[in-house]
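Undergrad: Sequence:
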Amino acid sequence: MLLTPHFRRGFTRFAFPKLAVVTLSASPVACRRLHNSSSLFSSPSTGGRMRRAVGVSFTPRIASRLSIPSRPSVSSGLCSPLRPYVTFGSTSTPALPVGTSTGKGRVTEKEAAILGYPYTLVDTAEALTEAARCLCQSSSIALDIEAFCTNGDTKHLGDISLIQLCSDVGSVVYLIDVLGLSPRQCREQLRPVLEDPAITTLFFDCRRDVEALRVQMGLTPSRALDLQLHFTALQWRLRGVNRRSGLGYVLQDIAGLAQQAEGNAAVHTAMTRGQRAVWDVRPLPAHFLAYAADDVRQIRLLGPALARAGDGVVSLDAIYSLTSLYVDHYARGGFVKDEPDEGSAEVNESWLERVIGPPGRCAFCHARGHTEAECFKKNNHPARCSFCGGLGHTSRNCYQKYPQLLKCDLCGQVGHQASSCFKTNPCIHCGGFHNSANCHRSLQKGSHHAEAASNRSAFPK
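Just so you know, the sequence shown maps onto residues 1 to 461 in the numbering used here.
Treat each hint with caution, since some may be false.
[What the hints assert, rightly or not] Label pairs and their in silico Cβ distance ranges: (1) H434 <-> D409: 13 to 21 Å; (2) P403 <-> T129: 48 to 56 Å; (3) R187 <-> L391: 56 to 64 Å; (4) S395 <-> S344: 13 to 21 Å; (5) A277 <-> H434: 56 to 64 Å.
[To be verified] Derived SDA-like pairs (lysine to any residue); straight-line CA-CA distance at most 20 Å: (6) K407 <-> T424; (7) K155 <-> R244; (8) K423 <-> S442; (9) K407 <-> F422; (10) K377 <-> Q400.
What the hints contain is simulated information worked out from the structure, not anything from laboratory work.
Predicted model, so just to flag it, every value in this text is computed and none were measured.
Beta carbons: idealized from backbone N, C-alpha and C, even for Gly.
Turn these sequences into a full structure, and let the hints steer you where they fit.
TA: Structural data, given as structure tokens:
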């Protein structure tokens, strides 16, 4: 088996020349080592390494001898790969053993195999038609968008460059090159997929993706499910918090998987440098394509894991209803300027209370921000906050960092709880809305009596 070195953009790699399937006749031990091994991409310019697993297919006879679980074939029954790629695996690696039972949301072996799905670049009309035909047979599709870089002051996405799709039919990730084709071609082929009420479109933070699809391509998913909202709703019912969390944190918390930031560093650096060509470059570098494919792989994996984690806590129908509120708000046909959320990293509390239910509280101290199992007052935990330096809480539950956690249920103001609300517990001296110990009238009266007593002692009768 001949390995040919290639040099591109400072990265040294070895690829199989013009081969999509490699048939090995070596010993089972050697084959198993190759199956479990990974190729190393070394960057002489940065001195770093990016680790990518090389996808290798085995013949059924060798696979049976090695006891290697066969990857679901893309051509089995419904769909076939559009182009024979030697693909690179996901940049996510399991932090816990696959199939662990440490929580409801942990992934199974079948779900973990999603992270190894190959990607296919769809940049021709024929390939787009074939991809749309395959996607129409799905029941759920993970969708993400990569767009041009814009000014840091704007919240809207630039021109759509790629649309990534990963469905439950066919073990492949489609990277649709909107820039190489045209928005009109993509709209005609993807409209039957996204507007089919029998197909669920999975997003992670759907706000700007839905806005860009509507404004630039005239598409609106008819049945959408935002997994970021799903996780926030779960935290709302358990801890009473409405903060949005990133994909990496949710992946770790729910699925027990950790993202490898090493492979994504180059893409993140390019995207955060402001107005420069990133996703509008053609051809796109291989690590950019792998980065784009990773997002939808992880979204696709999180769907069933979140459903298990929220079973009995949050209704899935309620998540659909909450997502539809955001889809209706951002898919109005123009750029949205009136944001429904108080902050970009928050979810609308009134929508959460109306659709999901009341916020959760600690059953021991009745405070928001933690569960009874995490309560420091109950466990006498000597934790120290990394934000304010106080004892008894962490930065995640710090009232100084997140004052919305200290919102009074009686008067609606932020900064205190109902037990210390001055409107329900006024000053005992003057009846004002302040602490009795800090009453100015009481302090002035006390100082007057003290001065009179000192005068009487200095000038006795």
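Undergrad: Compare the structure with each hint and give your call.
TA: Status of the hints after comparison with the structure:
{"no.": "1", "hint": "H434 <-> D409: 13 to 21 Å", "verdict": "holds, 20 Å"}
{"no.": "2", "hint": "P403 <-> T129: 48 to 56 Å", "verdict": "holds, 53 Å"}
{"no.": "3", "hint": "R187 <-> L391: 56 to 64 Å", "verdict": "holds, 57 Å"}
{"no.": "4", "hint": "S395 <-> S344: 13 to 21 Å", "verdict": "holds, 19 Å"}
{"no.": "5", "hint": "A277 <-> H434: 56 to 64 Å", "verdict": "holds, 58 Å"}
{"no.": "6", "hint": "K407 <-> T424", "verdict": "holds, 15 Å"}
{"no.": "7", "hint": "K155 <-> R244", "verdict": "holds, 16 Å"}
{"no.": "8", "hint": "K423 <-> S442", "verdict": "holds, 19 Å"}
{"no.": "9", "hint": "K407 <-> F422", "verdict": "holds, 13 Å"}
{"no.": "10", "hint": "K377 <-> Q400", "verdict": "holds, 18 Å"}
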